[in-house]
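Participant: The residues making up each chain are set out below.
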Amino acid sequence: MEAYFIAIGIIALIYVILSLGLTLQYGLTGLINFGHVGFFAIGAYTSALLALKGVPLVFSFAAAAALAGLAAWPLGLVSLRLRDDYFAIVTLGFSEVVRIVITSERWLTNGVQGLPGIPRLYEGLGGSAAQLAVLVTVLAVTLVGAWIIRRIAGSPFGRLIEAIRDNEEAVQALGKDPARFKVQVLVVGAALAGIAGAFYAHYITYIVPDQFIPLVTFYVWMAIIMGGVGRVSGAIVGTAILMLFLEGSRFLRDIVPGVSEVDMASVRIGAVGLLLVLFIMYRPQGLMGDYTKR
Amino acid sequence: MSLEIHDISKAFGGFRALDGVRLTIETGSLFGIIGPNGAGKSTLFSVVSGFARADEGQIRLDGQSLDSLSPPARARAGMVRTFQVPREFRHLTVRENLMAAAPKQTGESLLGLFFRPGRVREEEGAIAERVNQTIRFLKLSAVADQPSGKLSGGQKKLLELGRALMVEPRLILLDEPFAGVNPVLIGEIMERITELNTRGIGFAIIEHDLEALTRLVPQLAVMDRGKVLAQGAPQAVLDDPLVREAYLGGVS
Ligand SMILES: Nc1ncnc2c1ncn2[C@@H]1O[C@H](COP(=O)(O)OP(=O)(O)O)[C@@H](O)[C@H]1O
Ligand SMILES: [Mg+2]
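Those sequence lines, one after another, are chains L and X.
Position one of the first sequence corresponds to residue 1 (this note's numbering), numbered consecutively onward.
Position one of the second sequence corresponds to residue 295 (this note's numbering), numbered consecutively onward.
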């Protein structure tokens, strides 16, 4: 039972790290990134491949963050020329391109067969001690991430990205380049997603391209919408609700006879979708309130 | 020292919104632009500030060509525009709107933010002080900590003016700054503008309230259908036969 909660905790925290990136990008800056999972995938594959080549995990994690952040750079430059809705489509396309590339570049990624045997964190510790150590590490990284995002939100930089969200042309009229800020925001959010991906890969130890479908991005979107867009607390609470539903439905399968995993997966997505609709109808600002409620 | 608008033309589809506009506005002066709705006044500001691209013509500010500069670069060159329909940062308070407008903030760089926190705090203090002055100056104290989206139309106009002032430009382009502002306040804003002007800040002001504008500015231009009909001292311009015929409909 304890091992189960630790496992859920690790996955939940990985989702919180993803949500923090989106809180910065969408909640504060208004950038509609529908391709978050692409950066998550880049982080996962980067760290996994390096670790499988014997690179120490400290460096493989750093590389995961750096490469995911770097991948956001060109996307940031594109965003400056696109309307919001087109940017959303481009990011979605980007994450699908990432998935197709890791599926087809078999020499590097082993294609659909994926990468098995990815080294765990704290392999030396073994068993439940290692699990607990992983949980503590992810928690520490999550807290640092949350601190960074809060610090940004409460700063002159945060003020300006919120201004960009509210009216980009007015920002330009005041002599400031929204482009510069948007690129930085995309890079930071993507680096966070990259770190989340690295944790995921080394925790699951076996990654395949199918784990990086747009559904992951939409889970993260659901989390921040339910928790409250533009707030760090919202990212955390929203993720908690999401996990409760995803895991709760898994639990349901175990007690209701005759329901297959495939059936349950559909039910789960349907339930989360319904929950999202209810939130948007009855509590659009999310549980923790959003930027409109200051 | 002046803003030189040289033979600017701008068409939307087949419609010529600006048709060879030529104007020289002294940077430190008060200059009025009047004309009926659709004359092309706002379009002229958009072209001058870089938000719309001119089809023809050149723009220079104090001798420097602005033609290849982006809108933010033009603002940094010393010329800030406001918008006819206010563009407040609606989820930010009045105070935050003004603070966001202050130029050259160390805390707007992520490196500065995390590695020079002392300096950021110091600058924030100084900016907050300037913002307080601006808030008092524009009589916005009562709403200083309200989300700007909740302000009245007139208050939003004042906020736009305040944000422009925070940038400390040499020339401010105001697009109908008095629209929706109550008459008592209009008088006060005009006093403020005059006061700022004596400190060396120039204003080009679009207005359709002719009477208000002629009290404020010593120089104005009349636009109609994308052209400048006349420019000069208000009375001389209003007496111009072309203006009387086209804009005032020949009323004597
Ligand atoms: N973006 C645009 N697209 C098409 N037509 C425009 C656009 N902006 C302005 N116009 C047209 O150009 C003319 C001048 O508009 P504008 O400059 O706003 O006039 P004014 O500010 O003098 O009232 C109007 O006929 C308007 O409909
Ligand atoms: Mg206009």
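Worth double-checking, as some hints may not be accurate.
As the list claims (entries may be wrong) - Taking beta-carbon pairs under 8 Å as the criterion, some of the chain X residues facing chain L (in silico): (1) D301; (2) V379; (3) R381; (4) E390; (5) R410; (6) G456; (7) R457.
Stated by the list, open to error - One side of the interface only, derived from the structure: several residues of chain X facing chain L at Cβ under 7 Å: (8) P365; (9) P366; (10) A369; (11) R370; (12) F383; (13) R384; (14) H385; (15) A394; (16) A395; (17) E402; (18) L404; (19) L407; (20) P411.
Said to hold, decoys possible - Counterexamples of contact, computed for chain X against chain L with all Cβ distances above 10 Å: (21) G307; (22) A367; (23) A458.
Read the hints as simulated data drawn from the structure, not as lab findings.
As the structure is a prediction and not an experimental result, all values here were calculated from the model.
All C-beta atoms in this analysis are idealised placements derived from N, C-alpha and C, irrespective of residue type, glycine included.
Participant: All hints, please: hold or fail.
Facilitator: Checked hints:
no. : hint : in the structure
1   : D301 : violated (25 Å)
2   : V379 : violated (11 Å)
3   : R381 : holds (4 Å)
4   : E390 : holds (6 Å)
5   : R410 : violated (12 Å)
6   : G456 : violated (11 Å)
7   : R457 : holds (6 Å)
8   : P365 : holds (4 Å)
9   : P366 : holds (5 Å)
10  : A369 : holds (3 Å)
11  : R370 : holds (4 Å)
12  : F383 : holds (4 Å)
13  : R384 : holds (5 Å)
14  : H385 : holds (5 Å)
15  : A394 : holds (5 Å)
16  : A395 : holds (5 Å)
17  : E402 : holds (5 Å)
18  : L404 : holds (6 Å)
19  : L407 : holds (5 Å)
20  : P411 : violated (9 Å)
21  : G307 : holds (20 Å)
22  : A367 : violated (8 Å)
23  : A458 : violated (8 Å)
In this structure, the hints that do not hold are numbers 1, 2, 5, 6, 20, 22 and 23, in rising order.
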